[in-house]
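> So the protein sequences, as listed, match chains Y and W. Each residue of the first sequence is one higher than the last, beginning at 8 in our numbering. Each residue of the second sequence is one higher than the last, beginning at 51 in our numbering.
Think of the hints as simulated: they come from the structure by calculation, not from any bench. There's no promise every hint is true.
If you want a taste of the chain W side facing chain Y, the calculated C-beta under 8 angstroms gives, among others [what the hints assert, rightly or not]:
(1) G150
(2) L241
(3) G401
(4) A417
(5) S420
All C-beta atoms, glycine included, are put in the ideal place defined by N, C-alpha and C.
What follows is the residue order along each chain.
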Amino acid sequence: MLKTFHPLPKLALCLAWIGASLVVFRLSFQIALFAAAMLLLLVDARIPPRRLLLLMVPFALFGFGFFTTSILFRAEAGFAVQMAQEQGGAPDVAPGLVLFFRVLACGMTSAVFVLTTDPGQFVRALMQHLRLSPSLGFALMQAMHMVPDLRAEMLQLRMARAIRLGGTLRRFPVPGEVISLAIPLLAYAIRRATRAALSFEARGLQPGRPRSNLPQPPIRRADWTLLFLGLGVLAATAAIMSIQAA
Amino acid sequence: MPDALSYDRVALRHAGAITDAVGPVSLSLAPGERVLLLGASGAGKSTLLHAATGLFPVSIPGDKRGTIRLQGQPVDSRRPADWADTCGYLFQDAGVTLAGFTVRDEIAFSLENLSVAAAKIPRMVAKSMTRVGIPQSWADRRITTLSGGERQMVALAALLAQDAPVTVADEPAASLAPSVGRRMADLLLALGCSTMVVEHKPGPILNRIDRCVALGRDGRVMAEGAPRDVLHQHDAALAEAGIALPLATRLHLAMPGLIDPRMPLQDALACVPRSRTERLRDTVLPIAIPIGEEIAALDRADCAPPFGPVVLRDVSMSLRAGEVLAILGPNGAGKSTLAACLSGLLPPRAGRRTGAPGAVAFQNPEAHFSRESVRAEIEGLDIAPEGVAPILEDWALARVADQHPFTLSQGQKRRLSLALLAETDRWPVLILDEPTVGLDGAAETALGRRIRVLARQRRGIAVITHDMDFALFVADRAVLLDRGAVQSDCPCPALMRDTARLAAAGLLPPEAAPILDWLEAAC
Numbered sequence: 008m009l010k011t012f013h014p015l016p017k018l019a020l021c022l023a024w025i026g027a028s029l030v031v032f033r034l035s036f037q038i039a040l041f042a043a044a045m046l047l048l049l050v051d052a053r054i055p056p057r058r059l060l061l062l063m064v065p066f067a068l069f070g071f072g073f074f075t076t077s078i079l080f081r082a083e084a085g086f087a088v089q090m091a092q093e094q095g096g097a098p099d100v101a102p103g104l105v106l107f108f109r110v111l112a113c114g115m116t117s118a119v120f121v122l123t124t125d126p127g128q129f130v131r132a133l134m135q136h137l138r139l140s141p142s143l144g145f146a147l148m149q150a151m152h153m154v155p156d157l158r159a160e161m162l163q164l165r166m167a168r169a170i171r172l173g174g175t176l177r178r179f180p181v182p183g184e185v186i187s188l189a190i191p192l193l194a195y196a197i198r199r200a201t202r203a204a205l206s207f208e209a210r211g212l213q214p215g216r217p218r219s220n221l222p223q224p225p226i227r228r229a230d231w232t233l234l235f236l237g238l239g240v241l242a243a244t245a246a247i248m249s250i251q252a253a
Numbered sequence: 051m052p053d054a055l056s057y058d059r060v061a062l063r064h065a066g067a068i069t070d071a072v073g074p075v076s077l078s079l080a081p082g083e084r085v086l087l088l089g090a091s092g093a094g095k096s097t098l099l100h101a102a103t104g105l106f107p108v109s110i111p112g113d114k115r116g117t118i119r120l121q122g123q124p125v126d127s128r129r130p131a132d133w134a135d136t137c138g139y140l141f142q143d144a145g146v147t148l149a150g151f152t153v154r155d156e157i158a159f160s161l162e163n164l165s166v167a168a169a170k171i172p173r174m175v176a177k178s179m180t181r182v183g184i185p186q187s188w189a190d191r192r193i194t195t196l197s198g199g200e201r202q203m204v205a206l207a208a209l210l211a212q213d214a215p216v217t218v219a220d221e222p223a224a225s226l227a228p229s230v231g232r233r234m235a236d237l238l239l240a241l242g243c244s245t246m247v248v249e250h251k252p253g254p255i256l257n258r259i260d261r262c263v264a265l266g267r268d269g270r271v272m273a274e275g276a277p278r279d280v281l282h283q284h285d286a287a288l289a290e291a292g293i294a295l296p297l298a299t300r301l302h303l304a305m306p307g308l309i310d311p312r313m314p315l316q317d318a319l320a321c322v323p324r325s326r327t328e329r330l331r332d333t334v335l336p337i338a339i340p341i342g343e344e345i346a347a348l349d350r351a352d353c354a355p356p357f358g359p360v361v362l363r364d365v366s367m368s369l370r371a372g373e374v375l376a377i378l379g380p381n382g383a384g385k386s387t388l389a390a391c392l393s394g395l396l397p398p399r400a401g402r403r404t405g406a407p408g409a410v411a412f413q414n415p416e417a418h419f420s421r422e423s424v425r426a427e428i429e430g431l432d433i434a435p436e437g438v439a440p441i442l443e444d445w446a447l448a449r450v451a452d453q454h455p456f457t458l459s460q461g462q463k464r465r466l467s468l469a470l471l472a473e474t475d476r477w478p479v480l481i482l483d484e485p486t487v488g489l490d491g492a493a494e495t496a497l498g499r500r501i502r503v504l505a506r507q508r509r510g511i512a513v514i515t516h517d518m519d520f521a522l523f524v525a526d527r528a529v530l531l532d533r534g535a536v537q538s539d540c541p542c543p544a545l546m547r548d549t550a551r552l553a554a555a556g557l558l559p560p561e562a563a564p565i566l567d568w569l570e571a572a573c
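Whenever a hint applies, use it, and build me the whole structure from the sequences.
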């Protein structure tokens, strides 16, 4: 279902939920949003649990400071307390826990969008409906092509370096190696971008020049329905919470 | 009717250069004509093509003198992008010039830029895919999942969809497996197309060419005319200028009066007396070197790139001192991964590798450079100061010793990268990954000789290549990779005569295959 959901309404819906997560300072809301996002990724997008756990690592690390302070030391970071006061947090819930689950909820909601959206279709939708400049749109697509190629280039540079220094290739580069690879990789990226820009120009891409668009899947009634359904659930949740608070 | 493309006393100079990259030259492409532009590396062929629609000097900084016209109009009268309706480009390395995210996006890109009605684009994309032989089911495939050869065919489909009346192509088949390269030539050089193509290896496309223009090392036209006439009348001068010649022409030069280059090779060989067997063999095959002990081996190895899936399973092979081994296979067969495992840079996922340490000379020689000048690179090998100059002389790099390595020509870069690995005894095993890409005829011949010299120094050399004639010229033995395994491991001439096995891997026999047959019959 999510993979066939048009990228733009899906983006709007994800942004709305992330916005709500940022303004609602309630543990139950953050946990519910996090659980819903996980459920969608597991059941609808069929992302393997192991991959999901790996995806959570950076978000968890970000919020871990609040979590450990709150749970292990039974104290609260000054920032967390201040946030709780400003956003009307309930006094019986540890603010650090709320912030920890907020990071996870926002992270997993972003993951719902990223893992269920075709990047090319998304960029094309932005060009077609939101007037993203074609030069910028195709530059974005080129950058997405470049990521795997940069990885291959980095591997070749690492092997050449291992040959030069007479060592074996480590599985992961050490910090000194990363620094020595930065400039050659940057040079590669610049050369490659220059060649791509020449190719685009030779094939007729020019800022300001009128161009047509390959027909893209339209925003269907089902997409609007899903969008308003999602917004409706959000509004209902907000209403229930405000009644409870009153 | 005006020429499709014409250059009138055109000279082009890159920004900051003190001499012209090419010219002054005057040449033309008539409507419906197919012209082959020949020249050594650095003769300015690509610069001439870039100037065809004004990319040079508008987007590539430089100076232009003279006049270039496309279908009778001066190219300066429009912006480079505006000429996309008239002139289509096919670049050498499609992998880095593709614009779209999927195959469909890519083929539609030029049509969108030309403001073709949106409703017509899907039909035009499908038609172009059919012409090139790309399955319709690939339309939604991401470009990044395609192999190098597949990307080049998608680039060709995009060019055909553009339907520009004039086409310029810069070494479009340089890194393609031979069978894919032939399919590309069939489509690109179909009768009636106005096409100007640059190709270092003209042999396979000569019968599709109407006229040949050869540029000398000074960037000026040195010969022009029908391909057979140019190659027959100027063979010695073309060879001197570093241009790769078809095999029959090279044989004619090596054995004057014995092979007529205007005849098909099989017919020409019928006139060769058996007393010339040795001479003929030495022209196409390497001179034998006594093979020594095994210096590196893989035993039931599973080879995989780091973090990637296993691409070759159960590989058992060895490399001996004094031996040159050709590693052959279609695009994406796992040749580079095998090279990394055989050299010991990557441990096999299963099985084991034994033997001396090895080094890989990568396809992109720039990966090996880390210093500010050619001299500094050689000095970095911990060689006594008095030893640096002889090495520079030996590798023909003395003239460019103080230049930054990135500013060298492709042939010079290749020599420097090889010198950095060969001028130290740390690496008894050397593996060269596609060493002939971007090299002209003279540089390729010199490289072949250099490889044999290194083998004579008791090194074990492996050469990954798509160039079957080069493999035959340098290698004693060949392994053929396909479908995730070693399909054949035998003497190189034997594999080159095994057309069925080559065809099964999507490869074509070398140009010299008739000579192998002749030698077999003669012996």
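> Determine for every hint whether it applies to the structure shown.
Tested hints:
1. G150: 7 angstroms, holds
2. L241: Violated, about 25 angstroms.
3. G401: 18 angstroms, violated
4. A417: Constraint on W/A417 satisfied, holds at 4 angstroms.
5. S420: 7 angstroms, holds
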